[in-house]
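J.: One letter stands for each residue in the lines below.
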Amino acid sequence: MATTTKSELGSKVEPTNRKGRASAPKNGRQSLSTQSPTPKHQELGLSKEDLLEMYYYMLLARSLDERMWLLNRQGKAPFVISCQGHEAIQVGVVFALERGKDWFLPYYRDLAMVVTLGMTPREVMLQHFAKKADPDSGGRQMPGHYGYKRLKVVTGSSPVATQLPHATGIALASKMRNSDEVTVVSHGEGATSKGDWHESLNLAGIHKLPVLFLCQNNQYAISVPVPQQVAGESVAARGQGYGMPGVEVDGTDVLAVYEAAKEAAERARKGEGPTLIEAKTYRLTAHSSDDNDRTYRTRDEVELWRAKEPLPKFRQYLLDNGVATEQEIADIKKRIDAEVNDATDWAETQPDPDEADTLKHVYATPEERAQWR
Amino acid sequence: MATTTKSELGSKVEPTNRKGRASAPKNGRQSLSTQSPTPKHQELGLSKEDLLEMYYYMLLARSLDERMWLLNRQGKAPFVISCQGHEAIQVGVVFALERGKDWFLPYYRDLAMVVTLGMTPREVMLQHFAKKADPDSGGRQMPGHYGYKRLKVVTGSSPVATQLPHATGIALASKMRNSDEVTVVSHGEGATSKGDWHESLNLAGIHKLPVLFLCQNNQYAISVPVPQQVAGESVAARGQGYGMPGVEVDGTDVLAVYEAAKEAAERARKGEGPTLIEAKTYRLTAHSSDDNDRTYRTRDEVELWRAKEPLPKFRQYLLDNGVATEQEIADIKKRIDAEVNDATDWAETQPDPDEADTLKHVYATPEERAQWR
Amino acid sequence: MAVKTMIEAVRDGLREEMERDERVFILGEDVGPRGGVFGVTDGFSKQFGPLRVLDTPLAESVIAGASIGAAMNGMRPVAEMQFADFSHPAMDQIMNEGAKIRYRSNNDFNVPMVIRMPYGGGIHGALYHSQSVEALYGHIPGLIVVIPSNPYDAKGLLKAAIRDPDPVIFLEHKGAYRLIKGEVPDEDYTVPLGKAAIAREGSDMTAIAYGLMLHHCLKAAEEMAKEGVEVEVVDVRTISPLDRETIIESVKKTGKAIVVHEDTRTGGWGAEISASIAEAAFPYLDGPIVRVTGPDIPAMPYNHNQEAYFMPNPDKILKAMKDLAAY
Amino acid sequence: MAVKTMIEAVRDGLREEMERDERVFILGEDVGPRGGVFGVTDGFSKQFGPLRVLDTPLAESVIAGASIGAAMNGMRPVAEMQFADFSHPAMDQIMNEGAKIRYRSNNDFNVPMVIRMPYGGGIHGALYHSQSVEALYGHIPGLIVVIPSNPYDAKGLLKAAIRDPDPVIFLEHKGAYRLIKGEVPDEDYTVPLGKAAIAREGSDMTAIAYGLMLHHCLKAAEEMAKEGVEVEVVDVRTISPLDRETIIESVKKTGKAIVVHEDTRTGGWGAEISASIAEAAFPYLDGPIVRVTGPDIPAMPYNHNQEAYFMPNPDKILKAMKDLAAY
Ligand SMILES: Cc1ncc(C[n+]2csc(CCOP(=O)(O)OP(=O)(O)O)c2C)c(N)n1
Ligand SMILES: Cc1ncc(C[n+]2csc(CCOP(=O)(O)OP(=O)(O)O)c2C)c(N)n1
Ligand SMILES: [Mg+2]
Ligand SMILES: [Mg+2]
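Chains as they are written, first to last, in our numbering: chain F, 1 to 373; chain V, 1 to 373; chain L, 1 to 327; chain A, 1 to 327.
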């Protein structure tokens with residue numbers, strides 16, 4: 001359906017096979033802030049290139065996100081929903097899995113996840129502007145409703161937690177075919193209140209399905225804070241009730257998330273079943289461009305959390321551990337700014353979907369039906 | 001709607017106020033089978049009369065249940081669903097609460113619960129024959145779908161676990177009115193797989209609502225055994241994930257159930273929140289008269305469990321501890337046989353609902369609406 | 001009398017009912033300090049406290065189910081589904097429980113509950129923030145389904161719904177929230193459930209609609225008047241139980257009927273209205289019963305071109321009216 | 001050719017498709033060793049193993065949702081809802097997910113899934129084991145909804161459904177399971193989705209029905225024939241997308257239409273059929289479009305008198321046919 005050619009869409013990230021890598025040490029859970037004799041990333045078997053790539057995607061997602069807000073305020077796009085504050089979680093998880101092999105069911109905050117999986121800046125802007133060539137839905141769904149078949153990113157909707165049963169079914173199919181592909185399904189802590197969340201974890205637990213349940217706990221569901229959302233101590237604490245590990249991890253620490261996700265992916269691949277990861281962070285923006293968060297949280301609270309946010313923290317780690325120089329980091333920023341500008345200018349001029357196409361793809365056409373096997 | 005007069009329906013059990021009673025010792029969890037210096041029931045502050053009443057209701061429910069099967073086989077009633085094996089749980093719980101004050105949301109196995117709450121044998125047979133005077137639904141619902149306003153037994157349906165959100169809402173109303181009434185909601189272990197189960201425990205946990213979630217785990221959901229139904233070790237183990245105690249208790253031991261329910265009721269009344277009780281027993285009959293359990297479980301397994309079933313166990317306790325003589329127990333049986341015969345013969349001759357009434361009570365009538373406040 | 005928007009009328013109605021009856025309380029997602037995502041309960045949390053304006057977990061089934069329970073225990077819950085598109089997880093509680101409790105208990109229990117749902121599109125809400133759900137709920141006996149088209153009715157019907165002993169699904173068109181203004185009396189009043197209204201008198205054709213579409217019909221009717229065709233416009237107001245009498249009376253008078261709704265066509269509420277006419281007014285009909293509706297696609301797209309393509313509007317309605325008049 | 005019951009035809013169809021395509025698997029409650037509560041999958045667990053005949057937890061939403069996921073990952077799930085009455089908790093997954101995935105992904109993803117649901121009453125199932133749900137699912141674009149009326153169609157339509165790239169809701173009338181018998185060929189065949197059938201030819205009146213009601217219509221039609229009125233009986237077979245062409249053709253020929261279904265009347269599928277006729281065949285109509293349906297009550301009661309009172313039957317249909325013929 002895309003009318004835009006691949007080259008136009010910019011360079012793809014080629015699937016990286018990380019199978020060779022040493023698995024994470026069981027002891028590790030230490031955060032970027034604490035210093036250690038051997039730097040954390042070496043313990044985890046991550047190279048300098050890996051780390052720079054991680055930083056690149058975190059900053060790319062942040063920059064695209066900021067640009068989308070700008071375009072929204074300029075009246076060029078009716079809606080934006082943000083990944084700001086979630087970048088470390090999303091990038092860390094993708095690096096722990098196998099791009100091109102594993103399945104991903106993101107939710108609307110997972111911009112950093114999908115760009116790390118290979119959605120290009122131009123494609124991101126196509127979906128933001130709801131253009132014909134938008135690879136997610138051809139402009140049919142709101143921004144942030146990802147779905148990219150080639151990247152094994154499964155189409156998602158707006159109703160919260162509906163992707164969890166799909167992930168469970170995808171993993172069930174993997175098990176039936178004895179495939180060692182893993183399915184990552186992502187959601188917020190508000191989604192844990194839904195019946196679909198429970199029914200999915202129970203089914204995955206019973207059949208030891210290869211699923212990574214990724215809860216990105218940013219402390220709010222729109223305006224509702226965790227104490228009014230989640231009974232009990234935590235989301236992670238519910239894992240054992242479904243016969244799976246419930247792992248709590250600092251969601252502002254990309255390496256800590258990578259490590260936890262790596263362990264979960266290995267468990268899943270070995271047929272040892274699902275893992276529930278609760279990655280804790282903070283939603284740095286309002287819920288969406290339709291929200292006004294001043295009605296329910298103070299600026300002080302927001303500022304407090306800005307200080308702990310993932311990007312500066314990782315940047316500092318790269319410098320402290322001699323992974324990157326100020327110059328290298330500045331170069332990454334420059335490269336990203338150029339990519340974001342290019343993507344914006346280019347996508348804005350792309351065609352809208354045709355009115356008449358509104359009626360298409362409700363059912364398979366007779367031709368599609370005839371070819372279906 | 002009942003055309004039958006109260007006296008005809010037989011003697012009511014008057015609400016018993018147990019507030020005065022000493023609360024159960026925290027240490028106690030011992031089963032009827034083990035002997036103790038002071039008999040268990042005295043520790044629990046239960047009198048001889050209480051125990052005989054308990055035994056009476058357990059045996060009454062069992063006898064009514066057996067009679068319903070007989071009538072079904074005779075072609076006099078199209079359907080029967082059983083409480084056999086669950087009597088100790090249901091009677092133990094009711095005795096731990098306040099009849100006439102607390103709310104009960106039973107499920108279709110809760111015959112012993114509703115008779116202990118005051119539904120008479122004649123009324124039980126009216127619902128079994130779907131007669132006009134059936135206090136549950138006037139013959140509209142299948143047998144086992146209880147609902148008796150005067151007894152604070154809330155109308156239930158067939159879809160599993162739908163009563164849990166209702167119980168949560170009833171308890172929310174109690175909290176809003178600062179009433180110290182407690183709500184008991186009963187269900188099987190299969191019901192724990194439903195989204196409604198999760199959403200209800202979460203809401204009750206967040207607001208510390210006065211609910212007793214009673215899971216009667218009889219090891220099967222029709223044909224599906226627990227390992228394919230419940231991920232993790234147990235249902236009780238999920239309690240803490242909702243910030244409430246999860247208590248596992250021997251469901252064939254009426255005093256152990258009474259003790260657990262008593263503690264839960266006291267917690268709830270004190271505003272300390274809900275409790276999840278998992279009472280373990282075994283379904284002694286097929287799922288219902290429409291089921292054939294030989295397709296999925298062996299007779300040996302069933303026989304094994306018959307040996308552990310609640311009635312003989314409690315009978316033995318009464319004898320061992322000098323609570324009742326063989327003669328007293330025989331008298332109870334005689335009295336029950338007479339009541340069941342009377343109820344059957346009487347109810348069978350009662351009128352069916354009128355055809356024309358089929359259209360009634362979809363909405364309030366204009367008169368009912370005018371009187372509504 | 002003061003001129004209010006739809007959203008102000010709904011807010012006033014809710015507040016007045018909560019002040020009038022302490023059994024009335026609100027529950028839903030973000031209804032508390034946030035005041036609801038559309039601001040309907042703005043300021044309520046302060047005025048009535050967090051328990052009477054309860055921010056629930058993100059769980060529609062228990063929002064509906066707990067409302068049913070609270071209603072059976074003496075309260076008057078007014079639940080909010082943040083968007084009608086998100087009410088599907090609650091359909092079991094609404095359709096199988098709330099709707100059936102009076103009947104199945106042989107009149108012993110009843111459920112005095114209101115569930116408010118913002119519905120409808122044209123607001124860049126895409127597939128999951130634009131749906132119309134009246135046909136799904138309207139099909140369920142035991143439910144009362146209401147759609148007001150103006151501020152006066154919105155407030156009066158909401159008050160009637162809250163004071164009614166049976167469960168009411170109260171649908172508010174998001175596109176009408178701020179767009180539609182009208183006079184609303186200051187004193188207490190109700191608008192009876194189950195009664196349609198004649199929004200415009202006419203002798204040549206009957207147009208039947210509700211919600212935002214009612215206004216599109218009125219616009220088209222004014223255009224038709226310029227060509228000498230007087231269209232009577234019926235505002236259904238209560239989807240179910242449907243006021244067939246008012247509709248049939250009008251069609252008997254005009255001989256022609258056009259039904260308009262935003263929901264997708266097949267099995268939409270226009271089907272019931274059309275079938276009721278075909279059954280009861282056949283000898284009076286001078287032409288086919290026409291439906292102007294959204295197309296049979298899953299829901300309206302986000303892209304503005306495609307969203308506009310989906311939505312019925314005065315032009316599309318006018319064209320259908322002209323064809324029918326010419327029949 | 002051998003004479004089979006409906007239930008045997010469904011069982012044979014399922015088994016043959018599982019033998020033909022290893023991607024086909026069954027999931028649901030008690031479908032394993034128990035063989036389903038109606039015995040449809042009797043012996044399947046032994047033949048295909050526990051993973052391909054998966055006993056799920058008691059959780060309809062994830063049964064539907066996991067089927068959607070498995071379908072997107074190359075499998076061909078055939079889910080069973082134990083009773084149609086229990087499919088409501090899955091309505092979000094079925095209506096908002098399964099039905100909308102092809103559309104919302106702009107044709108990148110599709111959901112080759114079948115969900116079987118025993119439906120209908122007259123079996124002492126009371127309010128929650130007797131419901132008809134075709135109008136609820138039929139209203140949702142993106143879903144294909146099928147109701148076979150005889151063993152030949154049951155097997156052929158089920159095979160077509162399993163081989164179809166889009167989600168199919170396959171409704172089987174419980175009262176017809178053992179009651180309705182018919183010849184079924186031994187060799188592989190399919191019956192096309194989306195095509196109605198003429199079950200009986202006639203020139204004076206068109207009766208439109210499906211499922212068990214089709215047989216009641218045929219009985220009534222035979223009675224009418226004795227009085228010289230030849231009723232053409234249309235078997236809808238696919239509820240949605242609806243084969244309007246076959247229905248309209250017949251009504252144009254006969255000039256009179258009667259629609260029969262067991263579901264409650266208001267907003268039932270008869271409304272859509274009637275409205276489609278009123279729209280497209282108006283000039284050919286010689287009388288009102290009549291509906292014979294279940295009454296507008298929540299669902300049929302358990303007591304046999306009241307259950308019988310609810311159910312449409314040949315006598316009720318015959319009376320309506322006579323009145324229409326006399327019009
Ligand atoms: C079923 C459903 N109910 C309500 C909504 C409206 N809504 C959209 S996002 C959201 C909050 C989700 O919170 P959380 O799961 O914590 O994710 P976050 O936005 O915080 O990342 C709500 C209530 C929805 N999309 N779906
Ligand atoms: C939502 C729903 N799905 C399926 C059924 C069919 N059904 C009735 S009882 C039952 C098993 C319930 O098992 P459990 O909760 O353990 O209770 P038990 O019968 O064992 O006491 C099933 C599947 C139903 N009534 N409701
Ligand atoms: Mg959140
Ligand atoms: Mg059980």
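Simulated from the structure, these hints should not be mistaken for lab results. Only a predicted model underlies this, so the values are computations on that prediction, with no experimental measurement involved. Accuracy of the hints is not assured; some may be wrong.
[Stated by the list, open to error] Restricting the straight-line Cα-Cα distance to at most 16 Å, the calculated cross-link-like pairs of lysine to aspartate or glutamate (EDC-like) are:
1) F:K175 <-> A:D296
2) L:K322 <-> L:E249
3) V:K208 <-> F:E233
4) V:K360 <-> A:D296
J.: Any hints from earlier that this structure breaks? Give me their numbers in increasing order, please.
T.: 1 and 2
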